[in-house]
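When you get a sec, could you build the whole thing from the sequences and use the hints?
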Amino acid sequence: MTALLTILVLVFITIAIWQMVKIFDLAQVGNSNSQIATDKDNSLNGYLMIGFLAFIYIITIWSLVELGDLPLMSNSASAHGPEIDNLMTISMILIFIVQVITQFLLHYFSFKYKGKKGQKALYFADNNTLEFIWTIIPVIVLAGLIIYGLFTWSSIMNVNEDEDPLVVELYAQQFNWKARYAGEDNTLGKANVRLIDIDRANILGVDEADPYAQDDVITTELHLPVGRPVLFKMRSQDVLHSAYMPHFRAQMNCVPGMITQFGFTPTVTTADMRQNPDMIDKVANINTIRAEKSKALIAKGEEALERYDFDYLLLCNKICGKSHYNMQMKIIVETQEEYDAWIKEQKAFKNSLIN
Amino acid sequence: MSAHADTHDHEAHEEHHHKETFITKYIFSIDHKMIAKQYLITGTIMGVIGVIMSLMFRMQIAWPEEPNVIFEALLGKWAPGGVMDADIYLALVTIHGTIMVFFVLTAGLSGTFSNLLIPLQIGARDMASGFLNMVSYWLFFLSSVIMLISLFVEAGPAAAGWTIYPPLSAIPMASGGSGMGMTLWLVAMAIFIASSLLGSLNYIVTVINLRTKGMSMTRLPLTIWAFFITAVIGVVSFPVLLSACLLLIMDRSFGTSFFLSDIFIQGEVLHYQGGSPVLFEHLFWFLGHPEVYIVILPAMGLVSEIMATNSRKPIFGYRAMIASILAIAFLSTIVWGHHMFVSGMNPFLGSVFTFTTLLIAIPSAVKAFNWITTIWKGNIQMNPAMLFSIGFVSTFITGGLTGIILGDSALDINVHDTYFVIAHFHLVMGISALYGMFAGIYHWYPKMFGRMLNKNLGYIHFWITAICAYGVFFPMHFIGMAGLPRRYYTNSNFPLFDDLANTNVIITIFALIGGAVQLIYLYNFFSSMFFGKRAVQNPWRATTLEWTTPVKHVHGNWEGEIPHVYRWSYDYSKPGHDVDFVPQNVPLKEGEEELQH
Numbered sequence: 001m002t003a004l005l006t007i008l009v010l011v012f013i014t015i016a017i018w019q020m021v022k023i024f025d026l027a028q029v030g031n032s033n034s035q036i037a038t039d040k041d042n043s044l045n046g047y048l049m050i051g052f053l054a055f056i057y058i059i060t061i062w063s064l065v066e067l068g069d070l071p072l073m074s075n076s077a078s079a080h081g082p083e084i085d086n087l088m089t090i091s092m093i094l095i096f097i098v099q100v101i102t103q104f105l106l107h108y109f110s111f112k113y114k115g116k117k118g119q120k121a122l123y124f125a126d127n128n129t130l131e132f133i134w135t136i137i138p139v140i141v142l143a144g145l146i147i148y149g150l151f152t153w154s155s156i157m158n159v160n161e162d163e164d165p166l167v168v169e170l171y172a173q174q175f176n177w178k179a180r181y182a183g184e185d186n187t188l189g190k191a192n193v194r195l196i197d198i199d200r201a202n203i204l205g206v207d208e209a210d211p212y213a214q215d216d217v218i219t220t221e222l223h224l225p226v227g228r229p230v231l232f233k234m235r236s237q238d239v240l241h242s243a244y245m246p247h248f249r250a251q252m253n254c255v256p257g258m259i260t261q262f263g264f265t266p267t268v269t270t271a272d273m274r275q276n277p278d279m280i281d282k283v284a285n286i287n288t289i290r291a292e293k294s295k296a297l298i299a300k301g302e303e304a305l306e307r308y309d310f311d312y313l314l315l316c317n318k319i320c321g322k323s324h325y326n327m328q329m330k331i332i333v334e335t336q337e338e339y340d341a342w343i344k345e346q347k348a349f350k351n352s353l354i355n
Numbered sequence: 001m002s003a004h005a006d007t008h009d010h011e012a013h014e015e016h017h018h019k020e021t022f023i024t025k026y027i028f029s030i031d032h033k034m035i036a037k038q039y040l041i042t043g044t045i046m047g048v049i050g051v052i053m054s055l056m057f058r059m060q061i062a063w064p065e066e067p068n069v070i071f072e073a074l075l076g077k078w079a080p081g082g083v084m085d086a087d088i089y090l091a092l093v094t095i096h097g098t099i100m101v102f103f104v105l106t107a108g109l110s111g112t113f114s115n116l117l118i119p120l121q122i123g124a125r126d127m128a129s130g131f132l133n134m135v136s137y138w139l140f141f142l143s144s145v146i147m148l149i150s151l152f153v154e155a156g157p158a159a160a161g162w163t164i165y166p167p168l169s170a171i172p173m174a175s176g177g178s179g180m181g182m183t184l185w186l187v188a189m190a191i192f193i194a195s196s197l198l199g200s201l202n203y204i205v206t207v208i209n210l211r212t213k214g215m216s217m218t219r220l221p222l223t224i225w226a227f228f229i230t231a232v233i234g235v236v237s238f239p240v241l242l243s244a245c246l247l248l249i250m251d252r253s254f255g256t257s258f259f260l261s262d263i264f265i266q267g268e269v270l271h272y273q274g275g276s277p278v279l280f281e282h283l284f285w286f287l288g289h290p291e292v293y294i295v296i297l298p299a300m301g302l303v304s305e306i307m308a309t310n311s312r313k314p315i316f317g318y319r320a321m322i323a324s325i326l327a328i329a330f331l332s333t334i335v336w337g338h339h340m341f342v343s344g345m346n347p348f349l350g351s352v353f354t355f356t357t358l359l360i361a362i363p364s365a366v367k368a369f370n371w372i373t374t375i376w377k378g379n380i381q382m383n384p385a386m387l388f389s390i391g392f393v394s395t396f397i398t399g400g401l402t403g404i405i406l407g408d409s410a411l412d413i414n415v416h417d418t419y420f421v422i423a424h425f426h427l428v429m430g431i432s433a434l435y436g437m438f439a440g441i442y443h444w445y446p447k448m449f450g451r452m453l454n455k456n457l458g459y460i461h462f463w464i465t466a467i468c469a470y471g472v473f474f475p476m477h478f479i480g481m482a483g484l485p486r487r488y489y490t491n492s493n494f495p496l497f498d499d500l501a502n503t504n505v506i507i508t509i510f511a512l513i514g515g516a517v518q519l520i521y522l523y524n525f526f527s528s529m530f531f532g533k534r535a536v537q538n539p540w541r542a543t544t545l546e547w548t549t550p551v552k553h554v555h556g557n558w559e560g561e562i563p564h565v566y567r568w569s570y571d572y573s574k575p576g577h578d579v580d581f582v583p584q585n586v587p588l589k590e591g592e593e594e595l596q597h
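Respectively, the protein sequence lines represent chains A and B.
Counting from 1, position 304 in the first sequence corresponds to residue 304 in my numbering; the numbering is continuous, with no gaps.
Counting from 1, position 21 in the second sequence corresponds to residue 21 in my numbering; the numbering is continuous, with no gaps.
If you are wondering where the hints come from, they were derived from the structure by calculation, not from laboratory data.
Be aware that a few hints might be false.
Only some residues are given here: those of chain B computed to face chain A with a beta carbon under 10 Å [what the hints assert, rightly or not]:
#1 L260
#2 G275
#3 M340
#4 P347
#5 F462
#6 A482
#7 A501
#8 A516
#9 S528
#10 W568
A virtual CB, placed ideally from N, CA and C, is assigned to each residue, including glycine.
What follows is the structure in structure tokens.
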């Protein structure tokens, strides 16, 4: 039945196209019909070029107005976040200017110099001054961007160990995340997947004999004290994953067989971010959308969606298999006191083992 | 050079006496013009498959987990009750990427036009080795067939992304597609690379050795320069992917540990020790990045030629255009690390790659400005090929500019592997290269098939495609900047992204319209072969040598002697001539100077 329907649709489409061609061909009676553009074609398409330029500008403005409100890109929650956001804003403004000008020139020239009988093109093959200008301007602009970018990059990637960062291991597996805190000694115990012992609940392969490992704490939620530098050590037990924490402008791949790292300082607690006016708007908007969806779901006899409340997230951002789309962990940034209270409740590694 | 031409003449005449059978003419042909058509039609078929796949996964993103009769009909067991399975979603994404990048935009684009135009535009009877050329096509055909067969294996086709990063691609336990599906993927790619290398060597040798008398390197049309340099990049970088594929095959099938180490999966520790997935990433992107230039350079060449012809003006800055092709080719081999800023490699290396990557914007900017200056004060003939060329420059600029963000390691941290990347590379190399290919097809169709494509259908095709291309990929920048990761089967597990759902629906609708419009093109393409208006010898009034050959194809290209060349290929609207183009084989008039371009 489906096959028959598909065939029918195809037949109708073919007939429709055939009819369109006939109409076009009939409209060209009297012309030479050589399938080469005539002055009329040049003129029509010239105007369409201007129309298309307008379309590009409109879709740009529409995207900026409708989609440009990106709290995820402006309210960063880490110390280095504003640096990245600044660089991003500068790059975007630059791109925007170049885009507007070059698209204008391209489409306007296409319109202005559309072919006409008797019009003669200018024999203009070369001009060293022009070539020089548009080589040197990108060189200068890019030099600025490169230098700015490189300084930002190295200040982000060079973790200062003197600041005594909180050391946390992010452990990835298909398809969930675990966090391992280093405990009171702030030193992670050695670990290797070969030491994994599911029967003893040693799920991360932590070395039971390592004295540093005894006070490690393994959790399924990531709690971070605000204002304290954190150094993440990433591991994966199976395939590549990527620890993506967009609100903190942080991302690093988790690679089986090696330990990667990324450090940052969270600056805004979850509670404060929930009070951010931009975030309140965004959450309200999302909840309106969810309420509408829920109505449809209830009408179908299904459960309504839960109300959304803002939380920082850790997402997997490297294709890792079937449930890649649902590999996430909640991040909670809180005050030092709240953090201390929370970590005290967690079981130390040595007490979590089953004997 | 003339001695070459003479012996070639002789051979050509000999061959005229052989009676061509259907098989030697249409199937195992060694004539470059027929091989070009074979590449084009195979590439078109693969393109249709690749586009249908993309439409299917776009529908899944817009209307997640909703039953769809199309899924049920096309995916069978992979869409129980018409709901697309998460595994097949990733497989569709993977195979779409592979097919479009390699089978359509490498073989379909470069294979078609390098084969068609190199001998015709440099004044040669055929490729240096017609036999190798035939082998190259048939290897490509074989690899296409194997890639398509991989869609039908029990556990599903490869589903590790087109970049097939191990360990996901190496361990069948990690993903259903990493079993037989991945084996076939690797075999298909190994054969594809062999095909591509044979083709590239042939192009290089032909351009260097078989140019007609007077055709110096600085009189070559920019198309030939582009194909030539593309072939060089291919020869340099494709073997590296081959070695990556072979090492991966060893890891998968013979227990070596080149890319794998310390893996615990489904309750057991695997024996692999000491390998590194990062090594694979380096090897993959050592081809993978030059690959985007292998895709885009031929399109640039075609567009340069078509813009000059249809503006009735010389290409602006001929030497700067060649220099920028060379600069892009050189830089393209030392920027691969910008795909790996957050892979765990040394951050200092990231700095180096940021530097080289942003440098590549300079020759790209030079090219864009030169194209714009080429149409300035022209007499622009709005043939469909010209529209696609203008569209090419437009999308190349839009897509290229965001490369400044992605190439900057600090900014890449936050947009790496989001929809921002998808928007960027689809515009700058996907859509642009596709436009270049369409431009080439509309322009050289008369040369290939002796008939004209219907121009009105061409106009409809261009304008709707152009609007849909922006409609699909422009908003993607913004959902990417909102943090939406790519390759997610559905976003419904993240309420955070609920406000992007409507945008995703709009994108999918544009994609569906854009996809449907390609039917008009396909109709035009296939029906014009038989019913199109018969072409005249030089319909676009162009200067290059291919338009001095007879409309009806002859083996050996020219019936008589090969024309000699007296000037560069861009003498359009030259003062002192009555017509607005002077073909390359017209001798200089008395007192006429060849431009010191």
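Evaluated hints:
A hinted interface residue such as B/L260 counts as satisfied when its beta carbon comes closer than 10 Å to some beta carbon of chain A; here the least separation is about 7 Å, so the hint holds. Proximity of B/G275 to chain A holds as hinted, the smallest CB-CB distance being about 7 Å (cut-off 10 Å). Interface restraint check for B/M340: the shortest CB-CB distance to chain A comes to about 9 Å, inside 10 Å, so the restraint holds. Given the 10 Å rule on beta carbons, the hint for B/P347 holds: about 4 Å separates it from the nearest Cβ of chain A.
Interface hint at B/F462: satisfied, since its Cβ lies 9 Å from the closest Cβ of chain A, which is below the 10 Å cut-off. The beta carbon of B/A482 is positioned within 10 Å of a beta carbon in chain A (closest approach about 5 Å), and the interface hint is therefore held. Given hint, B/A501 at the interface with chain A, holds; its Cβ is 7 Å from that chain's nearest Cβ, closer than 10 Å. Of the supplied interface hints, the one on B/A516 holds, with its beta-carbon coming within about 8 Å of a beta-carbon of chain A, less than 10 Å.
Among the interface hints, the one on B/S528 holds; its C-beta lies about 9 Å from the nearest C-beta in chain A, closer than the 10 Å criterion. At a threshold of 10 Å, the smallest CB-CB gap from B/W568 to chain A is about 9 Å, leaving the interface hint in force.
Checked against the numbered hints given earlier, the structure satisfies every one of them.
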